[in-house]
Structure formats: structure tokens, C-alpha cells
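Place chain L on chain A using the hints.
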Amino acid sequence: MILNTEVLTIFILNILFLFFASIAFYLSIKIYLKWDINSTTTTQYTLEKQSVLTATIIKYIFALKLPLFLFFIFTLDNLSNLITGAMCAAGVVDATPYGTYLFILKILNIYIFGFWLVLHNLDTKDETLKYTKIKFGLFIFIFLFLLAEIILESIMFNAIDISKMVSCCGVIYSSTSTSLISYIFTLSNTTIILIFYGNFILLYIFYILKKQYLFSLFNLFFLIVSIISLIAFFGTYIYELPTHHCPFCYLQRDYYYVGYFIYILLFTGTFNGLLVGFLNTNNKNYFKSSLLFNTLFVLLVSFYPIFYYMKNGVWL
Amino acid sequence: MIKLQNVNKIYTINKNNTITALKNINLEIKQGELIILKGASGSGKSTILSLLAALSKPTTGEVIVDNKKLSKLPDNFAALYRRENIGFIFQKYNLITNLSVKENILLPLIPQNLEDKILEDKLNLVINRFNISHKKDILVRNLSGGEQQRVAIARAMVNDPKIIIADEPTANLDEKLSSDFCNVLKELKKLNKTIIVATHDPIFFNLDFVDKIIDINNGSLS
Chain A
47 MILNTEVLTI
57 FILNILFLFF
67 ASIAFYLSIK
77 IYLKWDINST
87 TTTQYTLEKQ
97 SVLTATIIKY
107 IFALKLPLFL
117 FFIFTLDNLS
127 NLITGAMCAA
137 GVVDATPYGT
147 YLFILKILNI
157 YIFGFWLVLH
167 NLDTKDETLK
177 YTKIKFGLFI
187 FIFLFLLAEI
197 ILESIMFNAI
207 DISKMVSCCG
217 VIYSSTSTSL
227 ISYIFTLSNT
237 TIILIFYGNF
247 ILLYIFYILK
257 KQYLFSLFNL
267 FFLIVSIISL
277 IAFFGTYIYE
287 LPTHHCPFCY
297 LQRDYYYVGY
307 FIYILLFTGT
317 FNGLLVGFLN
327 TNNKNYFKSS
337 LLFNTLFVLL
347 VSFYPIFYYM
357 KNGVWL
Chain L
142 MIKLQNVNKI
152 YTINKNNTIT
162 ALKNINLEIK
172 QGELIILKGA
182 SGSGKSTILS
192 LLAALSKPTT
202 GEVIVDNKKL
212 SKLPDNFAAL
222 YRRENIGFIF
232 QKYNLITNLS
242 VKENILLPLI
252 PQNLEDKILE
262 DKLNLVINRF
272 NISHKKDILV
282 RNLSGGEQQR
292 VAIARAMVND
302 PKIIIADEPT
312 ANLDEKLSSD
322 FCNVLKELKK
332 LNKTIIVATH
342 DPIFFNLDFV
352 DKIIDINNGS
362 LS
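Here the protein sequences line up with chains A and L, keeping their order. Our numbering puts the last residue of the first sequence at 362; the count rises by one with no breaks. Our numbering puts the last residue of the second sequence at 363; the count rises by one with no breaks.
With the rest of the complex left out, here is chain A (with noise of 0.2 Å):
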């Protein structure tokens, strides 16, 4: 087991996100089982008082947990250094079994616990308080895949074993890999720009259409698609290196950190792609949000090829 500073921070912070989240998931039973909002007698106005105690719990915890998941991948990145053969982050997710589920849990649970957060919001401007039930409903499956986090979370902490050699990105992120990454490669780059671009314009074509569903799915497949793209295509010209795959270097300092605003941007873009269809609304705020930072993101990570050919002359 590994316990630098940044794991036993983890580790605390998951043992008190724990004690609340409990808390919250036995009144959310309670809520959702008892509320009836036409009610005068004393156990809904207990129960709206509940809700409200209960709402601002899973509310703190959500909000915390966002920001947690960068450092989560901070702590990986500092783990490489304790760990033989890992050079960042890819290297200690792949040091178990565990890392890789891990990872895709974080990022489903980032969209789940975002969502939540949205609809209280909608909740909280609505005097008739009709999402409570749903809300709190929904809060209870969720706190499933938040006890499924910490509880992965500190078993893959626990299989760290810092004497077992591990595998470098350069070997994890490439043809050559056993993993399911090795499939990316087998895609021309032509074929992974085409793509990219193009999914990246049917954003806007859906959102002059006003299609909501198309708009949320396809967003969904911009997520995939430039993650593909990040690790197949852009990476290699953020580190200038054809041979060099990662999607977890450029978050170092090396690389000037630029993989946090990447991330952050496809992250918060995507997000808020999805929300037009998750509320079935047609509101442009978060149209014009999704398109803003997807367009911000495209930006970013097109800089970089069309610098390098403008500095080289040729493409990688």
C-alpha cells in the first residue's frame, strides 16, 4: 500500500465524503418514499425541512468532488515518481487491475454528479419544489456509483505495489499494447481528423437545427472522439514526438499544464452538450456554453499541429 500525503488526503476526504453521503442516502430513502409536496401534516413539513439539510450535504460533497477529480490525477502524476517504470499517470493507473475502471468511473461520476447538481438548481428556483422527489430519487442511485468510486478508489491505493516494475506511457499508448488502445492505432489519422472535424460541425449544424437529442448524443460522441483524437492524433504535436501517445503527460509542467485546460474545456463542454437533452430544453445558455468551450477546446488542440507545421514544414 502507497500513503504519500496526497493519498492520505484522499483517504480522509473519502471517509468524511463516506460519513455525509450516508446521512443524505438514509433521509433520501425517506424523502423519496414519504414526500408528498399537498401535504399539511408534520411529517412533510419535517421532510422539506430534511430536504433542504439533505440537498446542501450531497450538494458540498458533488461540488468538492468535482475539483478532487484534478487532483486525483495530480496524485497519479506524483505517484510515477515512487513507482519503477511509470513516467505519469497512465503508468500507475495501469500498475492494477483496478486503475483503468477507476478512471472511467471518475469521469462517468463527474457527469452524473454535475447533472445532479443542475437539476437542485432547477429545483431551487422552482417555489413548487417539483424535482425534490426526483432529485433526492436520484441521489440514491448515484450514491451507489460514489460508494463504488471510494471503494475502488482505495483498493487500487492498496494493490499499489512500489516494488513491481510497471509499464511507461509510450508502451501503454501504443500499436504494440495488449489493451483495448491498441484498436486506435489501427485508424488512419486522416480518417481520425475527418471525424473529429466533422462531428465537431454537426455541433453546430444541430444546434442551428435546434435538435436538442442530436445535439446532447452527438456531444457524447464528440467526448469519445477527442479523447480518440487526443491520444491518436494531437498528442503527438503537444509533445513533438510521433511515437508519443499519452493523454496524461501534457498535464505535467513540462508541457505547461496545458492538459488541465484541455480536459477542463471538453469536460465542461460536453457537460453542458448533454444537459440540452438530460432537461429536454431548448435553453440557449446551454447551447451557447457547449459550444463555447467544445470551440475553445477545438482551438486549443488544433493550435498545435498547425504550429508545428508552420515552425517545421511538415506534418508528424
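Take the hints with a grain of salt, since some may be wrong.
So the derived label-pair ranges between C-beta atoms look like this [as the list claims (entries may be wrong)]:
1) Tyr-301/A <-> Thr-238/L: 43 to 51 Å
2) Thr-92/A <-> Thr-238/L: 33 to 41 Å
3) Ile-151/L <-> Ile-273/A: 52 to 60 Å
4) Thr-341/A <-> Glu-169/L: 37 to 45 Å
5) Leu-193/A <-> Gly-183/L: 45 to 53 Å
6) Lys-156/L <-> Phe-191/A: 33 to 41 Å
7) Ala-181/L <-> Ile-61/A: 19 to 27 Å
8) Arg-224/L <-> Asn-329/A: 21 to 29 Å
To be clear, the hints were calculated from the coordinates, so they are not data collected in a lab. Every residue, glycine too, gets a C-beta built ideally from N, C-alpha and C.
Just chain L now, with coordinates in the frame of chain A:
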């Protein structure tokens, strides 16, 4: 129109210690009425006022104002309701003594972010109505009790509320100032304001412009 339907209010001190402040209250107050809630200390008068002002919720039952279920409002909407509909006059005025008359009166308007011109107009309207325009820049701590009372009334009126709630408004006033306050109530009634006064001061019981005097005894209407 204000309605209280089957309202009970129980304050829980701890598991074994509860206080029943209101027992099955049913009450209707029409727009523009002046109502006196009469009763001894601890009878439940102030609890009714706090329910009408959406400062607290009943334990059971319902409070409805203009078809809005006040007792079901979330806190942020209850605050909005108070800001737009209620003017409070407190027994001890609850003025901020380190601020001037003008600053005290404009306090309820701060959340509305109004333009200076509109604020000035609203201020002038109330300070002229309650005859305190010459004191507007003076600190409240330098005013007499009667003047402080008028500032408190001006503050309650500055957002032009539909309902005015006064809790023992004459408890700290002498007979002359209490009589002046009654005249102010008459003026407010002419403006079609709904006024609810909780008091045990006999001066209110013989006023000819009072619509209803409601007796409260141990949390019940008698």
C-alpha cells in the same frame, strides 16, 4: 385574502419537552382589513404573525395568502414574498442605531438593486408621509422614542407592502405617542393596506376603524 386553515404550531425544545403555541387555528382576513390580535403574553399572537410573514411554518395545517400556499414556500421564495409583500413594525423598532434615518429606511430595498433615483423617490414618499424628512441624515441613536417609531413605520412602508404586521407596537410608547401611532394606522388603512396588530394595549380595543378584534387564549381563538 389571508387564510389560516387548521393550523397547529408546536415548538420542540427536546424530545420530552414541547410547547403547543397554536391549536387548530382557522382564520380569514380580507384585503384592507385592520385586525387586532388580543391576548396575554405567550398566548400565541406573535406565532400567528410569524406564520403570516412566512418567518416560520406551521407544524400542521396551511397558511394561504392571495392563493399562494405560504406554508409550502421554500425559504428563498419565502424571503422574496416577505420582501415584496410584508412590512414589519417591531416592539423595539429593530433599527440599526449607528445608521442614519435614510439608511435605515432604505435597508429593505437593498436586495432589489434599484436605481438611485427610484430609491430617492421611495424614500421621499415615506419620510414626507411620516413627517421625518428633516431628520433623514441624523443617526437613529440621536432620535427620540416617538421619532424612532416613525422611522420604523417608514421602513416598513418603503417597499409599499400589501400587508403590515405590527408586534406590540406601542409597548415602549407613552399614551400620546400611542395615540399618534393609532392615527398612523388609520392613514395606512385608508391606503387599503391589510394590517395585523398583535397587542394587549387597551388603546386599540375601542378604535372605530378596527375591523375585527380576535382574542387568543392559550393558542386557541376564543
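Evaluate the given range 21 to 29 Å for the C-beta pair formed by Arg-224/L and Asn-329/A.
holds (27 Å)
For the pair Ile-151/L and Ile-273/A, does the Cβ-Cβ distance stay inside 52 to 60 Å?
holds (57 Å)
Lying within 33 to 41 Å: is that true of the beta-carbon distance Thr-92/A to Thr-238/L?
holds (39 Å)
Taking 37 to 45 Å as the stated bounds, is the beta-carbon spacing between Thr-341/A and Glu-169/L within them?
About 59 Å separates the Cβ atoms of Thr-341/A and Glu-169/L, which means 37 to 45 Å is violated.
Range hint 45 to 53 Å (beta carbons of Leu-193/A and Gly-183/L) holds or violated:
holds (49 Å)
Cβ distance range 43 to 51 Å for Tyr-301/A and Thr-238/L, holds or violated:
violated (60 Å)
Do the Cβ positions of Lys-156/L and Phe-191/A conform to the proposed distance bound of 33 to 41 Å?
holds (36 Å)
With respect to the beta-carbon atoms only, verify the hint that Ala-181/L and Ile-61/A lie 19 to 27 Å apart.
violated (53 Å)
In the structure shown, a violation is registered for the earlier hints numbered 1, 4, 7, in ascending order.
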